[in-house]
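Fit chain Z to the supplied structure of chain L, relying on the hints for placement.
Protein chains: 2
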Amino acid sequence: MPANKVLIIGAGALGAFYGSLLAKAGAEVAMVCRSDYAHVLNTGFVINSYQWGQYVFKPHQVLRTVQDYQDTADYVVLCTKVLPELNRVELLRPVVAETSTIVFIQNGVAIEAELSHAFPEHEIISGLAFICCNRIEPGKIEHLAYGRLTLGSVKNAVSPATEQLVGLFQQAGATCVASANIIAERWVKCLWNAAFNPLSVLSGGLSTLAIIQTQEQLVRHIMLDVLKVANACGYRLGLELIETNIANTHAMPAYKTSMLLDYERGQPMETEAILGNAVRAGQAANIETPYLATLYALMKLTELRLSK
Amino acid sequence: MPANKVLIIGAGALGAFYGSLLAKAGAEVAMVCRSDYAHVLNTGFVINSYQWGQYVFKPHQVLRTVQDYQDTADYVVLCTKVLPELNRVELLRPVVAETSTIVFIQNGVAIEAELSHAFPEHEIISGLAFICCNRIEPGKIEHLAYGRLTLGSVKNAVSPATEQLVGLFQQAGATCVASANIIAERWVKCLWNAAFNPLSVLSGGLSTLAIIQTQEQLVRHIMLDVLKVANACGYRLGLELIETNIANTHAMPAYKTSMLLDYERGQPMETEAILGNAVRAGQAANIETPYLATLYALMKLTELRLSK
Numbered sequence: 001m002p003a004n005k006v007l008i009i010g011a012g013a014l015g016a017f018y019g020s021l022l023a024k025a026g027a028e029v030a031m032v033c034r035s036d037y038a039h040v041l042n043t044g045f046v047i048n049s050y051q052w053g054q055y056v057f058k059p060h061q062v063l064r065t066v067q068d069y070q071d072t073a074d075y076v077v078l079c080t081k082v083l084p085e086l087n088r089v090e091l092l093r094p095v096v097a098e099t100s101t102i103v104f105i106q107n108g109v110a111i112e113a114e115l116s117h118a119f120p121e122h123e124i125i126s127g128l129a130f131i132c133c134n135r136i137e138p139g140k141i142e143h144l145a146y147g148r149l150t151l152g153s154v155k156n157a158v159s160p161a162t163e164q165l166v167g168l169f170q171q172a173g174a175t176c177v178a179s180a181n182i183i184a185e186r187w188v189k190c191l192w193n194a195a196f197n198p199l200s201v202l203s204g205g206l207s208t209l210a211i212i213q214t215q216e217q218l219v220r221h222i223m224l225d226v227l228k229v230a231n232a233c234g235y236r237l238g239l240e241l242i243e244t245n246i247a248n249t250h251a252m253p254a255y256k257t258s259m260l261l262d263y264e265r266g267q268p269m270e271t272e273a274i275l276g277n278a279v280r281a282g283q284a285a286n287i288e289t290p291y292l293a294t295l296y297a298l299m300k301l302t303e304l305r306l307s308k
Numbered sequence: 001m002p003a004n005k006v007l008i009i010g011a012g013a014l015g016a017f018y019g020s021l022l023a024k025a026g027a028e029v030a031m032v033c034r035s036d037y038a039h040v041l042n043t044g045f046v047i048n049s050y051q052w053g054q055y056v057f058k059p060h061q062v063l064r065t066v067q068d069y070q071d072t073a074d075y076v077v078l079c080t081k082v083l084p085e086l087n088r089v090e091l092l093r094p095v096v097a098e099t100s101t102i103v104f105i106q107n108g109v110a111i112e113a114e115l116s117h118a119f120p121e122h123e124i125i126s127g128l129a130f131i132c133c134n135r136i137e138p139g140k141i142e143h144l145a146y147g148r149l150t151l152g153s154v155k156n157a158v159s160p161a162t163e164q165l166v167g168l169f170q171q172a173g174a175t176c177v178a179s180a181n182i183i184a185e186r187w188v189k190c191l192w193n194a195a196f197n198p199l200s201v202l203s204g205g206l207s208t209l210a211i212i213q214t215q216e217q218l219v220r221h222i223m224l225d226v227l228k229v230a231n232a233c234g235y236r237l238g239l240e241l242i243e244t245n246i247a248n249t250h251a252m253p254a255y256k257t258s259m260l261l262d263y264e265r266g267q268p269m270e271t272e273a274i275l276g277n278a279v280r281a282g283q284a285a286n287i288e289t290p291y292l293a294t295l296y297a298l299m300k301l302t303e304l305r306l307s308k
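Going down the list, the protein sequences come from chains L and Z. Residue numbers 1 to 308, in UniProt numbering, belong to the letters of the first sequence in order. Residue numbers 1 to 308, in UniProt numbering, belong to the letters of the second sequence in order.
The hints are simulated quantities; they were obtained by calculation from the structure and are not laboratory data. Some hints could be false.
Identical copies go unnamed one by one, so any copy, or any two together, can satisfy a pair.
Derived DSSO-like pairs: lysine-lysine, alpha-carbon spacing no greater than 30 Å straight-line [as the list claims (entries may be wrong)]: (1) K256 - K308; (2) K5 - K140; (3) K189 - K300; (4) K228 - K300; (5) K256 - K155.
For clarity, every value in this text was computed on a predicted model and none was experimentally measured.
Isolated chain L, as found in the complex:
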């Protein structure tokens, strides 16, 4: 059986890490590297994993842009941030062949429709990464904790392509599971993200632990707003998820959210994907989300101030 061909778009920590796992499993992995192209072309990625130790990942191809890819990918995997200024469909269009499966391992809710509409005939897999993984310098990735990947078809089912991809990740030794309910799982992840990401930024840099230890009730209110929207959208999330999330955050070490890291580095934040989309989904379903909407508005004000 010939090796699977994988094209990863977005060579940040997440893309490089999961790309390296697919390479471990024998796939031919090409990477589109925007900022670190020259460095990665020369030396590949050095990945320092709490789980697998330090290893080098040399992609099968290193590309500057998607247009440079001349092959036909079995899997085109989108690992960029989800930002309004970054057109996901335009990124995918040039490299999605008739036989390609589209995968996105990205944050946010309500980010499926854009791709389903643009590629109605294609299998599209939604991926959720629970991982603590940072790019510390060009080509250098630190995998600090966790790593679980959940994959499922955007049709909210486990497709054969999903199973095959899950198998590849598992072959590499990763914790990867298939879900027949991936859209709901996205909302579950959003419970946590929509609370702690903006609170860490708007407080000017507090850790998750400082936040939960002093403002648990606010966190609960925000999560309840998200849960109400998810339920109104047809994804039944139980109330107990909120208490589980709160208890887990108390138990976690003091953690800097990804949005806070972006904020501190002056990089664009996933405000729209995580908060804006949730607020708009609530509006569409006629659900009031005062806590969530306040955080969203404050993040927009913060972005406005940063742009000045």
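Leaving out everything else, chain Z in the frame of chain L:
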């Protein structure tokens, strides 16, 4: 008729400015200056007013602490910020004589009870300043805009002592009015303060204009929360106040709130007096204030971060 004796506690911009007006009107004004004592003792205050030009105000007495005051004041005027770490009753106790009228020209809501309970036999006057006035260096005050002072007894009436004090300010040429409804007016001022003060800080430094131009709906929601609490507390504020406040803020020049100035200077903010008291008044009256409560919680997180 002998000159009125006035003791002003708190020699910030507000205390120095209103003290200077009472001196203009012929009162013997003593000032308690914590930080600028030596400077003010030597050279007095230099006040640069858009209305009266530049003038020097030499207090009748300059004191380091309230304990140093040996006279009997007709009016003891509290002009400090309202902060949890600053005990207003303890500040007043040593200088409130049997015949003294207590006056506080301070921000915040629900800040009367503390004084009424401590001084049940005394006339207490609540003052609200609508003024743009800053201390730019020790002993140097800039009066940039506005200046109106509203005074009224905390019993929500116009007492003779109120009328006399209003007369003194008017004698100095100031715009000063008596109100028989000063507690409600405090809530009216809180509509604006509770929205723009925290939004300017939490956005990291936006002006009132940038805020109202981009997040008018959020401002409306916050003001509505405050209005509901005020009404539940028995102070009937009309909904039209919200639209007037919004329209006025659009018409004002881009303005930095006092809380933002404190934030930028690393000085304590009146989070509790403006937001905390409003939220707690809502809780006591069983009124939900999700927008206000989110801002309050975020300000507490910001203060926590600043304390680290």
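Let me make sure I understand: some of the numbered hints might not hold for this structure. Which ones are they, in numerical order? 5
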